[in-house]
Amino acid sequence: ELKVEQNPLFLSMQEGKNYTIYCNYSTTSDRLYWYRQDPGKSLESLFVLLSNGAVKQEGRLMASLDTKARLSTLHITAAVHDLSATYFCAVDTGTGTASKLTFGTGTRLQVTL
Amino acid sequence: GAVVSQHPSRVICKSGTSVKIECRSLDFQATTMFWYRQFPKQSLMLMATSNEGSKATYEQGVEKDKFLINHASLTLSTLTVTSAHPEDSSFYICSARTSGVSQRYFGPGTRLTVL
Numbered sequence: 001e002l003k004v005e006q007n008p009l010f011l012s013m014q015e016g017k018n019y020t021i022y023c024n025y026s027t028t029s030d031r032l033y034w035y036r037q038d039p040g041k042s043l044e045s046l047f048v049l050l051s052n053g054a055v056k057q058e059g060r061l062m063a064s065l066d067t068k069a070r071l072s073t074l075h076i077t078a079a080v081h082d083l084s085a086t087y088f089c090a091v092d093t094g095t096g097t098a099s100k101l102t103f104g105t106g107t108r109l110q111v112t113l
Numbered sequence: 114g115a116v117v118s119q120h121p122s123r124v125i126c127k128s129g130t131s132v133k134i135e136c137r138s139l140d141f142q143a144t145t146m147f148w149y150r151q152f153p154k155q156s157l158m159l160m161a162t163s164n165e166g167s168k169a170t171y172e173q174g175v176e177k178d179k180f181l182i183n184h185a186s187l188t189l190s191t192l193t194v195t196s197a198h199p200e201d202s203s204f205y206i207c208s209a210r211t212s213g214v215s216q217r218y219f220g221p222g223t224r225l226t227v228l
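Residue numbers (my numbering), protein chains in the order written: chain F, 1 to 113; chain P, 114 to 228.
Excised from the complex, chain F in its bound form (with noise of 0.2 Å):
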């Protein structure tokens, strides 16, 4: 069974400063994706990486992708009130109609004046 595990679950941290979120998963994968999930909301999309050694970066955020260690990382750079919700990132196994995502833990931020 497919194992995707976050690290830390809960994040506090003060504006300005940086953190990173560890995102292990225990199976061959080389497509993952992050969300951003506010309370009582749904997904929004952050990233897709879909292949080993891929990084991307939106804003304050930067996502990489590890896929022999199996591991993904959202980087949070000089932290705003506005980033705090829960991130998910998830795991895509299976090709074609039998592709399906596995969410990880998530890990829910809070970002303190």
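Think of the hints as simulated: they come from the structure by calculation, not from any bench.
A hint or two may mislead.
Stated by the list, open to error - Here are the simulated DSS-like pairs of lysine-lysine, each with C-alpha atoms no more than 30 Å apart in a straight line: (1) P/Lys-154 - P/Lys-177; (2) P/Lys-177 - P/Lys-133; (3) F/Lys-3 - F/Lys-100; (4) P/Lys-154 - F/Lys-17; (5) P/Lys-177 - F/Lys-41; (6) F/Lys-17 - F/Lys-56; (7) P/Lys-154 - P/Lys-127; (8) F/Lys-100 - F/Lys-41; (9) F/Lys-100 - F/Lys-56; (10) P/Lys-133 - P/Lys-154; (11) F/Lys-41 - P/Lys-133; (12) F/Lys-100 - F/Lys-17; (13) F/Lys-56 - F/Lys-68; (14) F/Lys-100 - P/Lys-168; (15) P/Lys-154 - F/Lys-56; (16) P/Lys-154 - F/Lys-3; (17) P/Lys-179 - P/Lys-168; (18) P/Lys-177 - P/Lys-127; (19) P/Lys-168 - F/Lys-3; (20) F/Lys-3 - P/Lys-127; (21) F/Lys-68 - P/Lys-133; (22) F/Lys-41 - P/Lys-168; (23) P/Lys-179 - F/Lys-3; (24) F/Lys-41 - F/Lys-68; (25) P/Lys-177 - F/Lys-3; (26) F/Lys-100 - F/Lys-68; (27) F/Lys-41 - P/Lys-154; (28) P/Lys-133 - P/Lys-168; (29) P/Lys-133 - P/Lys-179; (30) F/Lys-100 - P/Lys-133; (31) P/Lys-177 - F/Lys-100; (32) P/Lys-179 - F/Lys-41; (33) P/Lys-179 - P/Lys-127; (34) P/Lys-154 - P/Lys-179; (35) F/Lys-41 - P/Lys-127.
As the list claims (entries may be wrong) - Just some of the chain F residues that point at chain P, by a computed CB distance under 10 Å: (36) Glu-1; (37) Tyr-35; (38) Leu-43; (39) Phe-103; (40) Arg-108.
Glycine included, C-beta positions come from ideal geometry on N, C-alpha and C.
Please arrange chain P on chain F, whose structure you already have, making use of the hints.
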């Protein structure tokens, strides 16, 4: 970007009744749709995958007779929770993708409360 809608956004029903949730892809053809359930402060759990015109594939532990999924067209999938009970109360989210494209698009979710 592609848009996926869900209806209703919230529903409250009595125990024993059935509830239907619709998921529509508004500006693309969804060859595959996914249904997830999310309990408070937990992750999303995949319930089933449906391909247009085919029977849905359910994840282990999900009762197919209780959660009826229909994907009759390339823009519409429905999830019917039959004989709902309080433990079925949850946030249900659909997702859609089109053939050959990795990206999934998520609906806004439906909050089901069973009294």
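Verification of the hints:
1. P/Lys-154 - P/Lys-177: holds, 25 Å
2. P/Lys-177 - P/Lys-133: holds, 14 Å
3. F/Lys-3 - F/Lys-100: holds, 14 Å
4. P/Lys-154 - F/Lys-17: Holds. P/Lys-154 to F/Lys-17 sits at ~25 Å (cutoff 30 Å).
5. P/Lys-177 - F/Lys-41: Distance of about 26 Å is within 30 Å: holds.
6. F/Lys-17 - F/Lys-56: holds, 20 Å
7. P/Lys-154 - P/Lys-127: holds, 24 Å
8. F/Lys-100 - F/Lys-41: holds, 21 Å
9. F/Lys-100 - F/Lys-56: Between F/Lys-100 and F/Lys-56 the Cα gap is close to 22 Å, so the pair holds against 30 Å.
10. P/Lys-133 - P/Lys-154: Judged against 30 Å, a Cα distance of about 24 Å means the pair holds.
11. F/Lys-41 - P/Lys-133: At roughly 20 Å apart (the allowed maximum being 30 Å), P/Lys-133 and F/Lys-41 satisfy the hint.
12. F/Lys-100 - F/Lys-17: violated, 35 Å
13. F/Lys-56 - F/Lys-68: holds, 18 Å
14. F/Lys-100 - P/Lys-168: holds, 16 Å
15. P/Lys-154 - F/Lys-56: holds, 27 Å
16. P/Lys-154 - F/Lys-3: Distance of about 18 Å is within 30 Å: holds.
17. P/Lys-179 - P/Lys-168: holds, 15 Å
18. P/Lys-177 - P/Lys-127: Holds: P/Lys-177 and P/Lys-127 sit about 21 Å apart, inside 30 Å.
19. P/Lys-168 - F/Lys-3: Holds - the C-alpha atoms of F/Lys-3 and P/Lys-168 are around 27 Å apart, at most 30 Å.
20. F/Lys-3 - P/Lys-127: violated, 36 Å
21. F/Lys-68 - P/Lys-133: violated, 43 Å
22. F/Lys-41 - P/Lys-168: OK: F/Lys-41 and P/Lys-168 at ~29 Å, within 30 Å.
23. P/Lys-179 - F/Lys-3: Distance of about 26 Å is within 30 Å: holds.
24. F/Lys-41 - F/Lys-68: violated, 33 Å
25. P/Lys-177 - F/Lys-3: holds, 24 Å
26. F/Lys-100 - F/Lys-68: Holds - the C-alpha atoms of F/Lys-68 and F/Lys-100 are around 20 Å apart, at most 30 Å.
27. F/Lys-41 - P/Lys-154: holds, 12 Å
28. P/Lys-133 - P/Lys-168: Status holds; Cα separation ~17 Å.
29. P/Lys-133 - P/Lys-179: holds, 12 Å
30. F/Lys-100 - P/Lys-133: holds, 23 Å
31. P/Lys-177 - F/Lys-100: Holds. P/Lys-177 to F/Lys-100 sits at ~18 Å (cutoff 30 Å).
32. P/Lys-179 - F/Lys-41: Holds, at roughly 25 Å.
33. P/Lys-179 - P/Lys-127: Given pair P/Lys-179, P/Lys-127 holds - Cα atoms ~16 Å apart, limit 30 Å.
34. P/Lys-154 - P/Lys-179: holds, 24 Å
35. F/Lys-41 - P/Lys-127: Roughly 24 Å separates the two Cα atoms, so the pair holds.
36. Glu-1: Holds, about 9 Å.
37. Tyr-35: Status holds, d = 8 Å.
38. Leu-43: Result: holds, 4 Å to nearest chain P Cβ.
39. Phe-103: Since chain P brings a Cβ to about 5 Å from F/Phe-103, closer than 10 Å, the hint holds.
40. Arg-108: holds, 8 Å
Checked against the numbered hints above, the structure violates hints 12, 20, 21 and 24; every other hint is satisfied.
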